[in-house]
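Start from chain A and add chain B according to the hints.
Number of protein chains: 2
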Amino acid sequence: MMNTQLTLASMLDRTERYFSKKRIISRTLTKTHTFTYEAYVKRTRSLASALYKLGVEKGDRVGTLGWNHHRHLEAYFAVPSMGAVLHTINIRLSEDHLKFIINHAEDKFLLIDEDLLPLIERIKDELTSVEGFIVMTDKEELPDSTLAPMYSYEKLVANGERTFSFVEDIAENDAAVLCYTSGTTGKPKGVLYSHRGLYLHSMSLGMTDTAGLSEADTVMPVVPMFHVNAWGIPFASTWLGSTQVLPGPNATPKILAKLIEEHKVTITAGVPTIWLGLLKELEQESYNLNSLRAVLCGGSAAPKGMIRAFEETHGIPFLHAYGMTETTPLVTASKLKSYQTDLPDEERLEVRSKQGLVVPGIELKAVNEYGEVKADGVEMGELLIRGPWIADGYYKDDRSGEAFIDGWLHTGDVVTIDEEGLVKIVDRTKDLIKSGGEWISSVDLENTLMAHPDVFEAAVVSIPDPKWQERPVACIVLKDGKNITKDEIINYLEPQFAKWWLPDEVIFMDEIPKTSVGKFLKMALREQVLGQLS
Amino acid sequence: MMNTQLTLASMLDRTERYFSKKRIISRTLTKTHTFTYEAYVKRTRSLASALYKLGVEKGDRVGTLGWNHHRHLEAYFAVPSMGAVLHTINIRLSEDHLKFIINHAEDKFLLIDEDLLPLIERIKDELTSVEGFIVMTDKEELPDSTLAPMYSYEKLVANGERTFSFVEDIAENDAAVLCYTSGTTGKPKGVLYSHRGLYLHSMSLGMTDTAGLSEADTVMPVVPMFHVNAWGIPFASTWLGSTQVLPGPNATPKILAKLIEEHKVTITAGVPTIWLGLLKELEQESYNLNSLRAVLCGGSAAPKGMIRAFEETHGIPFLHAYGMTETTPLVTASKLKSYQTDLPDEERLEVRSKQGLVVPGIELKAVNEYGEVKADGVEMGELLIRGPWIADGYYKDDRSGEAFIDGWLHTGDVVTIDEEGLVKIVDRTKDLIKSGGEWISSVDLENTLMAHPDVFEAAVVSIPDPKWQERPVACIVLKDGKNITKDEIINYLEPQFAKWWLPDEVIFMDEIPKTSVGKFLKMALREQVLGQLS
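Taken in sequence, the protein lines are chains A and B. My numbering runs 1 ahead of the 1-based position in the first sequence. My numbering runs 1 ahead of the 1-based position in the second sequence.
Here chain A stands alone, though its shape is the one from the complex (with noise of 0.2 Å):
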């Protein structure tokens, strides 16, 4: 067989050659825009041209700060057409931990929407690598700003070159794509993804027994372009001629309620947080969706509840799925097998609402200390996950033997696999906190508290929030004789963490629970905290 190569380049030439005429809606800080792929394709290849000019080689790090709009899109495929590697940043994250992941990264120049631009200039000065700032603005004029250089988006496109060719010479292994992931512990950890991850993991997408993206599907993803690539959806629909439906900045229930209705959206996707807003948002008010044929959900558990409400209240196909910044990252997917659609609806419910079955193309186990654990939906086990949009290591970071053991990703997820070979997570084996679909570390947060003078030891502990999944509270035992407030403890906080990171409630205590080898039960610590909280 012949050796092509699996690479980006060459989806976009499929885009380019048979799919000129279908649209890219993309709603931005001042208006929705309306290109066809056509056009696209020739910005894509300006920009590549542009940041070419300016000096950006095949393995450069290219970053991004920005919402989900076209502009986000052509970088997705100029940056590693050219050979560079995207490195899409997360805008929530800490000060510090910006700094860091672009320092780390080596980002050689930063591609930042308008009103992110405040993000960028607090750190400014303790960036090491990064050699230009280009603004993603619809305006004119270049906004105010501390930073410098800086480049217009659009004055680069205007000026580049609209046939631009791509470099002939990347390899399906070349990075494409650089994510960071908040771990366990410590700093973020790096996710550097294939050209030949992404082409896989495209396929897989327009696979019918997975989510079955089409020519035919008009797609919104609402999951940021700056997580896990929006679940590498914009890659497979740009590659399938789908049309694109880009919700831009802080898009509100409202807001997708109406792009959906509008742009008769057939398949959307997000955390379980944005969809009990949209759920609420449909109560209050009256919208046509029945174009939608999926609701995809994944980044955290979807309550029984919420699949129910869309599918028997609203009659939207609900789909569930799985998967993690290691991972690309789509794992499973929870469809019924053929034989259980007959089913009674309770039964149904409860077959959907687990993680579902892996996906073609990729391989998981659950193992315990003895190893393979039984596939009868109540032995449990640590999920290991291998395949081919699977990562194998942390980028430059001496982490990734804490991940991936012999040749499979342990992911840290506690599950049961059934007869039918369906996923349920049920814990997870490092206390992480899920909030609003990203990971918040309670280690992380326990090192710091207990690193203020004042105290003498701290936990953390995740309690059930209706909106984020998931909320930290942190249960403090002070020193002896010391006396601090719940705020003097968040300000102490606060400029270390992102701002959703910090605990909703933090409660003074006596004594922590422990085990007899002195760590923490955290199971009981919960238990006691929801009692004194309801």
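Relax, there's no trap hidden among the hints.
Some chain A residues close to chain B (C-beta under 10 Å, calculated; not the full set):
(1) M12
(2) K23
(3) L199
(4) Y200
(5) T342
(6) E364
(7) I391
(8) D393
(9) G408
(10) W409
(11) E420
Which stretches of chain A does chain B cover? Using the computed rule of at least three CB atoms under 8 Å from a CB of chain B, they are:
(12) 214-228
(13) 350-363
Computed list of lysine-lysine pairs in DSBU-like fashion (alpha-carbon distance at most 35 Å, straight line):
(14) A/K338 - B/K255
(15) B/K156 - A/K375
(16) B/K375 - A/K54
(17) B/K265 - A/K366
(18) A/K259 - B/K338
(19) A/K338 - B/K265
(20) A/K338 - B/K259
(21) A/K22 - B/K375
(22) A/K265 - B/K338
(23) B/K366 - A/K59
(24) A/K366 - B/K54
(25) A/K32 - B/K338
Keep in mind the hints are simulated off the structure, nothing from the lab. Just so it is clear, the structure is predicted and the values come from calculations on it, not from any experiment. Yeah, the Cβ is synthetic: ideal placement off N, Cα and C, and Gly gets one too.
The following block gives chain B in isolation, referenced to the frame of chain A:
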């Protein structure tokens, strides 16, 4: 990303883990079998263990002469998963060609259907590599045969290890399957399929924008398993856990209609000749075939009338596709783009009768002597194809350079490509005749005819045929004073060609029209022949 290899064994692992309850229905000479995938995988492992004990090693070729049934499907996964190469032998080849390909492939063992034993008995003394013959039969006792040593497939499977482990060190670029194609001239040419090629091709078959194969499908490949792996459908269906219906030997239109009705087949695949037969059957008897979501048709162009009959008369969706042995075979599928669904009926039919849009993963272009031709639906060029499931040469064959040039497969098909990217085959560069989905080389027939002592010159042209698409007609100029009959000509050709290659008509003439440089004017000759025969 992990260096996970795309292999058939990993596909079978998925089947075993998740689809053990799903079924394979298999029609053989004496009865219809039903197996679960659980039983299927155990039998497949047993077969591999038995072949291993017989001495089959990594890289060895194992030939099959079989219809579409469960044993053939077992060999499909068992042989490649043990690192050997499955050589599917076209049972319709001439003795000469059968002998040639078995010796050229150096098959170590042959798996042969009971009713196909005579094909091999006739040539057994001239086989240079075969160490044993394994008979696939439902009967307890081995049939009488001159073949030796002879083994019973069922006894091998019964005595094998049902938990046999496949070898671990298969790389995705290793050979998995070998299939010979009747080429333009001379001996058949071998195409070697890699694990990677078959894996990616299976992903493509599962994509919504191609055939969309899924777990929910009941799939019946009518296209033979000795013909381009039944278009790769058995690999994809097994992997995805689809129910499979394998129609077995000599499946008449009546048998096919009954199988579709009884087992609620959702997708079936075959050449136009098969579907013409089915349409005739549907005119004579009444069946409920409304489970069918697609009749996949390739191998030759499907006439518009056939598409119309399926869709309008019988309400059965028709899916026209294109490919060849060298392309695994899926290259194009003719689906309407979303904005074409509103076209008037006649225009939609026009679109649908084209070969269609290239599937995701493959690239193609049409070139003439000046380079790539315009995509205007008018300019003609030779179709060039490349991609990860396209062959890069013929197996141990110095004719590879004729078709594989600068990284592209030169198909010999002359096409137009329209503004939408839809490919339409308009002619062939070489004078191949396509009969019942198989190629007949006019040049081969001509060379043999002209070797007859009484023949002065001979040309073979195709005439349209309602059942077989095209059939060959021989035009012969005898030497002065010679006088032989049509029957004598046919008798002369018979031992050297497959039966279906033999010309339907032999026309004796005084002169064959030629170009100024002495080449046959085939177009003019064909018109002359059509005039004479009408």
